[in-house]
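Just so we're aligned, residue 33 is where the sequence shown starts under the working numbering, counting upward by one.
Don't take every hint at face value.
[Claimed, not checked] So the derived label-pair ranges between C-beta atoms look like this:
#1 G113 with G185: 26 to 32 Å
#2 A231 with S97: 20 to 26 Å
#3 Q126 with A99: 18 to 24 Å
#4 G185 with A127: 17 to 23 Å
#5 E144 with R103: 23 to 29 Å
#6 N135 with S97: 16 to 22 Å
By construction, these hints were calculated from the structure, which means they are not laboratory data. For each residue, glycine too, the CB sits at the ideal point set by N, CA and C.
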Amino acid sequence: GGAPLRNAQVIYGGTALAEAAAPPPPAAIAGAAAAAEPLRLLYLGRLEPIKGVHTVIDALHRLRSDATYDRPVSLDIVGSGAPEYTSHLRGLVQAYGLEAVVNLCGPVSRAEAARMMAEHDVLVFPSEWEEPFARTVLEGMATGLPVIGALTGGTGEILVEGETGLTFAAGDSAGLARQIRRLAEEPALRRRLAANGRAVVASRFTLQRMVDELEAALAVMAGKPQPAPAQA
33 GGAPLRNAQV IYGGTALAEA AAPPPPAAIA GAAAAAEPLR LLYLGRLEPI KGVHTVIDAL
93 HRLRSDATYD RPVSLDIVGS GAPEYTSHLR GLVQAYGLEA VVNLCGPVSR AEAARMMAEH
153 DVLVFPSEWE EPFARTVLEG MATGLPVIGA LTGGTGEILV EGETGLTFAA GDSAGLARQI
213 RRLAEEPALR RRLAANGRAV VASRFTLQRM VDELEAALAV MAGKPQPAPA QA
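With the sequences and hints as input, model every part of the structure.
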(Lines of atoms letter the chains of each structure in order from A; the text may use other names.)
(Lines give C-alpha, C1' and ligand atoms only; values in the text may rest on other atoms or scores of the structure.)
Protein backbone atom coordinates (compact mmCIF):
# COMPACT_ATOMS: atom_id res chain seq x y z
CA GLY A 33 0.00 0.00 0.00
CA GLY A 34 0.94 3.69 -0.06
CA ALA A 35 2.37 5.84 2.65
CA PRO A 36 0.24 6.04 5.81
CA LEU A 37 -2.10 9.02 6.13
CA ARG A 38 -0.95 11.65 8.57
CA ASN A 39 -3.20 13.69 10.83
CA ALA A 40 -6.06 11.33 9.98
CA GLN A 41 -9.03 10.99 12.29
CA VAL A 42 -11.35 7.99 12.43
CA ILE A 43 -15.00 8.96 12.81
CA TYR A 44 -17.14 5.92 13.50
CA GLY A 45 -20.63 5.59 12.09
CA GLY A 46 -23.50 5.83 14.53
CA THR A 47 -26.85 4.20 15.11
CA ALA A 48 -30.15 5.82 15.98
CA LEU A 49 -31.25 2.83 18.05
CA ALA A 50 -28.83 3.78 20.81
CA GLU A 51 -30.59 7.10 21.24
CA ALA A 52 -34.06 5.61 21.61
CA ALA A 53 -35.56 4.52 24.88
CA ALA A 54 -34.10 1.21 25.98
CA PRO A 55 -36.42 -1.63 24.89
CA PRO A 56 -37.39 -4.40 27.26
CA PRO A 57 -34.48 -6.87 27.37
CA PRO A 58 -34.92 -10.30 25.77
CA ALA A 59 -36.63 -12.77 28.06
CA ALA A 60 -33.56 -14.90 28.67
CA ILE A 61 -31.46 -11.84 29.61
CA ALA A 62 -34.09 -10.73 32.10
CA GLY A 63 -33.99 -14.16 33.67
CA ALA A 64 -37.63 -14.84 32.86
CA ALA A 65 -37.06 -17.76 30.51
CA ALA A 66 -37.34 -21.23 31.92
CA ALA A 67 -34.29 -23.45 31.67
CA ALA A 68 -36.13 -25.71 29.21
CA GLU A 69 -36.74 -22.88 26.72
CA PRO A 70 -34.26 -22.56 23.86
CA LEU A 71 -31.58 -19.93 23.68
CA ARG A 72 -32.85 -18.00 20.67
CA LEU A 73 -30.06 -17.08 18.25
CA LEU A 74 -30.53 -14.56 15.45
CA TYR A 75 -28.55 -13.99 12.26
CA LEU A 76 -29.55 -10.86 10.39
CA GLY A 77 -27.94 -9.99 7.06
CA ARG A 78 -27.15 -11.07 3.51
CA LEU A 79 -26.97 -14.76 2.66
CA GLU A 80 -23.60 -15.07 0.93
CA PRO A 81 -20.63 -17.38 1.59
CA ILE A 82 -18.48 -14.50 2.90
CA LYS A 83 -21.10 -13.85 5.58
CA GLY A 84 -20.31 -17.19 7.23
CA VAL A 85 -23.88 -18.28 7.99
CA HIS A 86 -22.87 -21.90 7.38
CA THR A 87 -20.51 -21.61 10.37
CA VAL A 88 -23.47 -20.98 12.69
CA ILE A 89 -25.30 -24.06 11.38
CA ASP A 90 -22.13 -26.13 11.80
CA ALA A 91 -21.81 -24.84 15.38
CA LEU A 92 -25.36 -25.90 16.23
CA HIS A 93 -24.66 -29.34 14.80
CA ARG A 94 -21.59 -29.59 17.05
CA LEU A 95 -23.66 -28.64 20.11
CA ARG A 96 -26.42 -31.11 19.30
CA SER A 97 -23.82 -33.85 18.79
CA ASP A 98 -22.14 -33.15 22.15
CA ALA A 99 -23.39 -35.61 24.79
CA THR A 100 -22.29 -33.22 27.57
CA TYR A 101 -24.56 -30.42 26.32
CA ASP A 102 -28.28 -30.55 27.06
CA ARG A 103 -29.58 -26.98 26.64
CA PRO A 104 -31.97 -26.31 23.73
CA VAL A 105 -30.90 -23.72 21.14
CA SER A 106 -32.76 -22.31 18.14
CA LEU A 107 -31.60 -20.18 15.22
CA ASP A 108 -33.54 -17.79 13.00
CA ILE A 109 -31.71 -16.76 9.81
CA VAL A 110 -33.12 -13.49 8.49
CA GLY A 111 -32.15 -12.13 5.09
CA SER A 112 -31.82 -13.02 1.43
CA GLY A 113 -28.99 -13.36 -1.05
CA ALA A 114 -27.39 -15.76 -3.50
CA PRO A 115 -29.88 -18.55 -4.38
CA GLU A 116 -27.11 -21.17 -4.57
CA TYR A 117 -25.87 -20.32 -1.08
CA THR A 118 -29.39 -20.24 0.33
CA SER A 119 -29.94 -23.73 -1.08
CA HIS A 120 -26.62 -24.83 0.43
CA LEU A 121 -27.76 -23.60 3.85
CA ARG A 122 -31.07 -25.46 3.54
CA GLY A 123 -29.14 -28.57 2.56
CA LEU A 124 -26.92 -28.28 5.66
CA VAL A 125 -29.96 -27.92 7.91
CA GLN A 126 -31.49 -31.05 6.41
CA ALA A 127 -28.25 -33.05 6.46
CA TYR A 128 -27.74 -32.25 10.14
CA GLY A 129 -31.38 -32.90 11.04
CA LEU A 130 -31.85 -29.37 12.38
CA GLU A 131 -35.16 -28.57 10.68
CA ALA A 132 -36.92 -28.22 14.05
CA VAL A 133 -34.49 -25.63 15.41
CA VAL A 134 -33.20 -23.66 12.38
CA ASN A 135 -35.54 -21.42 10.43
CA LEU A 136 -34.64 -19.52 7.24
CA CYS A 137 -37.04 -16.61 7.54
CA GLY A 138 -36.26 -14.66 4.38
CA PRO A 139 -35.94 -10.87 4.23
CA VAL A 140 -37.83 -8.51 6.55
CA SER A 141 -38.35 -4.77 6.84
CA ARG A 142 -36.12 -2.64 9.06
CA ALA A 143 -38.94 -2.25 11.59
CA GLU A 144 -39.49 -6.00 11.64
CA ALA A 145 -35.76 -6.59 12.07
CA ALA A 146 -35.75 -4.34 15.14
CA ARG A 147 -38.72 -6.27 16.57
CA MET A 148 -36.97 -9.59 15.97
CA MET A 149 -33.85 -8.36 17.76
CA ALA A 150 -35.97 -7.61 20.81
CA GLU A 151 -37.49 -11.11 20.71
CA HIS A 152 -34.21 -13.04 20.54
CA ASP A 153 -31.50 -13.73 23.10
CA VAL A 154 -28.25 -13.57 21.11
CA LEU A 155 -27.14 -11.96 17.85
CA VAL A 156 -24.57 -13.99 15.91
CA PHE A 157 -22.29 -12.17 13.46
CA PRO A 158 -20.15 -14.82 11.70
CA SER A 159 -18.83 -12.76 8.77
CA GLU A 160 -15.63 -13.97 7.09
CA TRP A 161 -15.30 -10.70 5.18
CA GLU A 162 -13.18 -7.81 6.50
CA GLU A 163 -16.22 -5.60 6.96
CA PRO A 164 -15.14 -2.03 7.68
CA PHE A 165 -17.91 -1.39 10.19
CA ALA A 166 -20.66 -3.76 11.31
CA ARG A 167 -23.78 -1.64 11.85
CA THR A 168 -25.84 -4.78 12.57
CA VAL A 169 -23.60 -5.47 15.58
CA LEU A 170 -24.15 -1.93 16.88
CA GLU A 171 -27.90 -2.18 16.44
CA GLY A 172 -28.02 -5.50 18.27
CA MET A 173 -25.97 -4.10 21.14
CA ALA A 174 -28.15 -0.99 21.27
CA THR A 175 -31.20 -3.24 21.60
CA GLY A 176 -29.65 -4.97 24.60
CA LEU A 177 -28.78 -8.12 22.68
CA PRO A 178 -25.55 -9.96 23.56
CA VAL A 179 -23.43 -10.44 20.44
CA ILE A 180 -21.13 -13.30 19.43
CA GLY A 181 -19.04 -12.07 16.54
CA ALA A 182 -16.17 -13.15 14.32
CA LEU A 183 -13.15 -10.90 14.70
CA THR A 184 -13.00 -9.59 11.16
CA GLY A 185 -12.68 -6.03 9.93
CA GLY A 186 -14.05 -3.35 12.23
CA THR A 187 -15.92 -5.80 14.45
CA GLY A 188 -12.85 -6.18 16.67
CA GLU A 189 -13.06 -2.47 17.46
CA ILE A 190 -16.58 -2.94 18.86
CA LEU A 191 -16.52 -6.37 20.48
CA VAL A 192 -14.12 -6.95 23.36
CA GLU A 193 -14.05 -10.57 24.49
CA GLY A 194 -15.95 -11.07 27.74
CA GLU A 195 -16.66 -7.34 28.11
CA THR A 196 -18.88 -6.08 25.29
CA GLY A 197 -19.46 -9.43 23.59
CA LEU A 198 -18.01 -12.84 22.83
CA THR A 199 -15.72 -13.50 19.88
CA PHE A 200 -14.42 -16.35 17.73
CA ALA A 201 -12.16 -16.77 14.72
CA ALA A 202 -13.97 -16.49 11.40
CA GLY A 203 -14.98 -19.93 10.14
CA ASP A 204 -14.27 -21.63 13.48
CA SER A 205 -17.51 -23.48 14.19
CA ALA A 206 -16.01 -25.22 17.25
CA GLY A 207 -15.07 -21.85 18.75
CA LEU A 208 -18.52 -20.47 18.01
CA ALA A 209 -20.15 -23.54 19.57
CA ARG A 210 -18.15 -22.96 22.77
CA GLN A 211 -19.31 -19.34 22.96
CA ILE A 212 -22.96 -20.27 22.35
CA ARG A 213 -22.68 -22.84 25.11
CA ARG A 214 -21.30 -20.23 27.51
CA LEU A 215 -24.29 -17.96 26.94
CA ALA A 216 -26.74 -20.85 27.23
CA GLU A 217 -25.27 -21.90 30.57
CA GLU A 218 -24.42 -18.51 32.09
CA PRO A 219 -27.40 -16.13 32.40
CA ALA A 220 -25.28 -13.69 34.44
CA LEU A 221 -22.83 -13.41 31.54
CA ARG A 222 -25.71 -12.65 29.15
CA ARG A 223 -26.96 -9.87 31.42
CA ARG A 224 -23.50 -8.34 31.82
CA LEU A 225 -22.69 -8.38 28.11
CA ALA A 226 -26.09 -6.88 27.28
CA ALA A 227 -25.62 -4.01 29.73
CA ASN A 228 -22.03 -3.34 28.72
CA GLY A 229 -22.81 -3.48 25.01
CA ARG A 230 -25.63 -0.98 25.24
CA ALA A 231 -23.52 1.35 27.37
CA VAL A 232 -20.68 1.29 24.82
CA VAL A 233 -23.02 2.11 21.94
CA ALA A 234 -24.64 4.93 23.90
CA SER A 235 -21.28 6.47 24.80
CA ARG A 236 -19.30 5.95 21.58
CA PHE A 237 -21.52 5.15 18.62
CA THR A 238 -24.59 7.42 18.59
CA LEU A 239 -25.60 9.46 15.56
CA GLN A 240 -25.26 12.67 17.56
CA ARG A 241 -21.68 11.80 18.49
CA MET A 242 -20.90 11.08 14.84
CA VAL A 243 -22.38 14.42 13.74
CA ASP A 244 -20.48 16.31 16.44
CA GLU A 245 -17.18 14.71 15.42
CA LEU A 246 -17.79 15.41 11.74
CA GLU A 247 -18.60 19.07 12.46
CA ALA A 248 -15.49 19.43 14.61
CA ALA A 249 -13.27 17.79 11.98
CA LEU A 250 -14.66 19.98 9.19
CA ALA A 251 -14.16 23.08 11.31
CA VAL A 252 -10.52 22.16 11.91
CA MET A 253 -9.96 21.61 8.20
CA ALA A 254 -11.57 24.99 7.49
CA GLY A 255 -9.36 26.68 10.06
CA LYS A 256 -12.27 27.83 12.20
CA PRO A 257 -11.73 28.39 15.93
CA GLN A 258 -13.23 25.75 18.17
CA PRO A 259 -15.58 26.65 21.05
CA ALA A 260 -14.25 26.18 24.54
CA PRO A 261 -15.50 22.99 26.23
CA ALA A 262 -18.51 23.46 28.46
CA GLN A 263 -17.75 23.84 32.14
CA ALA A 264 -19.02 21.16 34.45
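Holds or violated: 16 to 22 Å for the Cβ distance of N135 and S97?
holds (20 Å)
Does the beta carbon distance between G185 and A127 stay inside 17 to 23 Å, or does it fall outside?
The hinted range 17 to 23 Å is violated for G185 and A127, with Cβ atoms some 30 Å apart.
Verify the CB-CB distance for Q126 and A99 against the hinted window 18 to 24 Å.
Holds: the Cβ-Cβ distance is about 23 Å, inside 18 to 24 Å.
That 23 to 29 Å hint for E144 and R103 (C-beta), does it hold up?
At 28 Å between Cβs, range holds.
Is the gap between the beta carbons of A231 and S97 within 20 to 26 Å?
violated (37 Å)
If I claimed the Cβ atoms of G113 and G185 lie 26 to 32 Å apart, would that claim hold in this structure?
Because 18 Å falls outside the window, the suggested range is violated.
Violated hints, in rising order: 1, 2, 4; the structure is consistent with all others.
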